[in-house]
Structure formats: C-alpha cells, structure tokens
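Novice: Chain by chain, the residues run as shown.
There are 2 protein chains.
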Amino acid sequence: MQYSSALLETLIAELTRLPGLGRKSAQRIAFHLLRSPEADSQRLASAIVELKANVRDCSICGNVTETDPCALCADSRRDATVICVVEQPMDVLALERTGEFHGRYHVLKGALSPVDGIGPDQLRLKELLDRVRGNGVAEVIVATNPTAQGEATALYIARLLQSEPAVKVTRIARGVPMGSDLEFSDQITLARALTGRKEL
Amino acid sequence: MQYSSALLETLIAELTRLPGLGRKSAQRIAFHLLRSPEADSQRLASAIVELKANVRDCSICGNVTETDPCALCADSRRDATVICVVEQPMDVLALERTGEFHGRYHVLKGALSPVDGIGPDQLRLKELLDRVRGNGVAEVIVATNPTAQGEATALYIARLLQSEPAVKVTRIARGVPMGSDLEFSDQITLARALTGRKEL
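From first to last, the protein sequence lines stand for chains A and B.
Its first residue numbered 1, the first sequence is counted upward by one per residue in the numbering used here.
Its first residue numbered 1, the second sequence is counted upward by one per residue in the numbering used here.
Pulled out of the complex, with its shape left as it was, chain A reads as follows:
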C-alpha cells in the first residue's frame, strides 16, 4: 500500500466514504478517473462543488431545488388539492418516475425514530399542517416508507390531521411487489397483501 500514489490513496479514501462504495469499487473508480480525459474529471469535480453551492430546499415542499419555490410547487398545472407526503427528496424522484401522480409533494426530511432522537419537531410536520390548513387541500397521501419508522410517521400524520376534518388522509398500498414470487415474500408483506385485498 505504501508504494501506491498518495493522491490515489487520498481519492480512494474519499470515495470509500460514499454510501455503497467499498474499497474495491472505490479503487476501480479512482483508476478509471486516472485513465479518462482530464475534462471528465473536471466536470465531475465541478458538478460536486456546484451542487453544494447552489442546491437548497424549497421553502414550500422541502424538496431539493435551485429556485425557490421549486419547479414543482411553481407549476400551476399540478393539482394543489392533493399533497403526497414522503420522507426524502429521492422518494419524489421515484414517484415522479411512475407518472401516476399529478399533485404536490411534501418532503418530511426523515421519519419518526425515537431511538435516533428524531421526534416530530425534527421533521417538517408543522410545515405540513400549515400547508394543509385552510388551503383547500382535499387529500394527503402518506407515502412514507413501509418500515416501522415510516408506519409510525404515517399514523402520527393521520392523528395530526384529525384537526382538519375536510382533509382525507390516505396511505399508499402495501402488498406483494409486482414481478415478485409469493413463495419468497416475507410473512409481514404477505399478511398485508391479504388484509389489503380488493375485489376484482
């Protein structure tokens, strides 16, 4: 190891800090950058710096954006009466890719997790209540993750919005994923799929 280039080791160490990259993947990327044209490296490096310098949170929905409000909140064609609540900006990307949702989003920036010290005050829940209150919102779709934390957050939101009886609170369906095999589904998912069954 001591015989390798120190700069190479530095880059590998920095890459290893990124999620999902182990030592070997980091090494492969570092050597790839070493072999590729300098313009490519420059573009990557400046994309990293530009991102941190210019991307902020939308003051309305909390999603990542360069403009405030974000393009989504500023788009008058999106249905303002339906708000989809998600944990993270990445979830907005995932939902947009389905092309099935035409309302607005609200990013909580996490989920309730007392173990990690994340209570209601650490999430954008007050902002959600303010948005919903007297703004003609008809439905709040809670699309937090189907995990213990996500489910707890969903229940909390349902209770929070009981103060607004005009607003319907719904939860995305949980069941067996498309393309999967019943045989390999875990029992909790399968139980959910059974209780959530619908008439054909």
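I should point out that these hints are in silico values taken from the structure, not numbers from a laboratory.
Incorrect hints may appear among the rest.
Unchecked claim - Straight line, CA to CA, 30 Å or less: simulated BS3-like cross-link-like pairs of lysine-lysine:
1. K168(A) / K109(A)
2. K52(B) / K168(A)
3. K52(A) / K52(B)
4. K24(A) / K24(B)
5. K168(A) / K52(A)
6. K109(B) / K52(B)
7. K24(B) / K52(B)
8. K52(A) / K24(B)
9. K168(B) / K126(B)
10. K109(A) / K24(B)
11. K109(B) / K24(A)
Fit chain B to the given chain A structure using the hints.
Specialist: Then chain B, alone, in the frame of chain A:
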C-alpha cells in the same frame, strides 16, 4: 424527472458514467453529498482534480506515481533481480497487499487482444525487454490475469524473453481459489488445478 434540480441531475449523470455505478447508486451518492458538510464535497472534488494533475506513470515500471521513478523503483531494499509483470496498476496494489513479493514490478498497461486492436506495440513490452537485458535480472514472474488475453500475453512474454537465456520466466499458479468449493469450480479452473498439482 424534469422537476428535480438540474444540478442534481448533472451530478447523477456524471456519477453514472463511473464504472460500477448505476442510476440508483449514483442517486444515493448525490443525495448523500447534498446532505453532508460542504468540506466533505470540497475534499472529494479536489482529490479528483489533484489526482489528474499530479499522478503520472513511472518511467521505469509504468505504475502510477507522483514521483519519477516511483517509490517502489527507488527503494533499494526491493530485490531488483526479480520482476513481476502485471497488466494494470491495480494489480500492483493487489500483489503488495499479499506481502509475499519483495521484487520490482512492470506494468504492461493491458493485455494482448487482437479483437480490440491491442498488439505487442500497444503494451510496455519493449520497455520490459530493455529492463531485463543485461541488468542482472534472474526471474520474470508473469502475473497477467488468468484470462484468454492474459494467458496469450504470458506466452508472448515467455517467447520474447527466450532471447535472454539467463532469465527464468515463471507464471503464477492457476487453480482453485482459497476458501472456495470444488463443487462450484468451473471445469477449466479444476483442470488447471489438477495439471498443476504439487506433491505434499
């Protein structure tokens, strides 16, 4: 997609160009960078730029280095009579990690592959011959990959060095990898392991 930040999309696109990173991993890394302190992003970005600006090839062994000759070629404690030939700088890292080799290296920068237009002239073979010729080299260990290209390159090197009868050319052992299961070994590896058997 069009509703996400353009800078975020740019970074994700740049990350997707790296080996081993698909759209989802790239997304995860981009969001991670967005959440992590600015100093971390800066360090990563400058590590990328510094690497391209300062790392070059050692004029002797061809390994990546910031100094020429590299620390390995400059180290008088390393046995100069044994040269281990590898395809890529990454292979030097892998061999150094074993702690079993105390000689010098020679990086070919690839392997013979007529299909890809890589002939002997595209590899650092002339440099190898020059290094071996009349420099007191006793053994050349060919540690190219156990692939069709690597094997062809090994044979080529053996024939090339026939002009230097004082130099012994050896090839690293190919057989069943440690910790593996015979049952799952492919037949070529198993055949190699049989023909390469040694007395206990």
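Novice: Now tell me if each hint is right for this structure.
Specialist: Hint check results:
Taken as a hint, the K168(A) and K109(A) pair is honoured in the structure, with Cα atoms around 22 Å apart against an allowance of 30 Å. With a C-alpha separation of about 56 Å, the suggested pairing of K52(B) with K168(A) is violated against the 30 Å cut-off. Between K52(A) and K52(B) the alpha-carbon distance is near 22 Å, which keeps this suggested pair within the 30 Å criterion. Distance restraint check for K24(A) and K24(B): the Cα-Cα separation of roughly 19 Å lies within the 30 Å cut-off, and the hinted pair is therefore satisfied.
A hinted pair counts as satisfied when its Cα atoms are at most 30 Å apart, and K168(A) with K52(A) does not qualify at roughly 37 Å. Our distance criterion of 30 Å between C-alpha atoms is met by K109(B) and K52(B), whose separation comes to about 17 Å. Our distance criterion of 30 Å between C-alpha atoms is met by K24(B) and K52(B), whose separation comes to about 27 Å. The straight-line distance between the Cα atoms of K52(A) and K24(B) is roughly 20 Å, inside the 30 Å bound, and the hint therefore holds.
At roughly 18 Å between alpha-carbon atoms, K168(B) and K126(B) fall within 30 Å of each other, so this suggested pair holds. A C-alpha spacing of about 19 Å is found between K109(A) and K24(B), which places the hinted pair at or below 30 Å, so the restraint holds. Among the hinted pairs, K109(B) with K24(A) is consistent with the structure: their alpha-carbon atoms are about 19 Å apart, no more than 30 Å.
Against the hints set out earlier in the document, violations occur for numbers 2 and 5.
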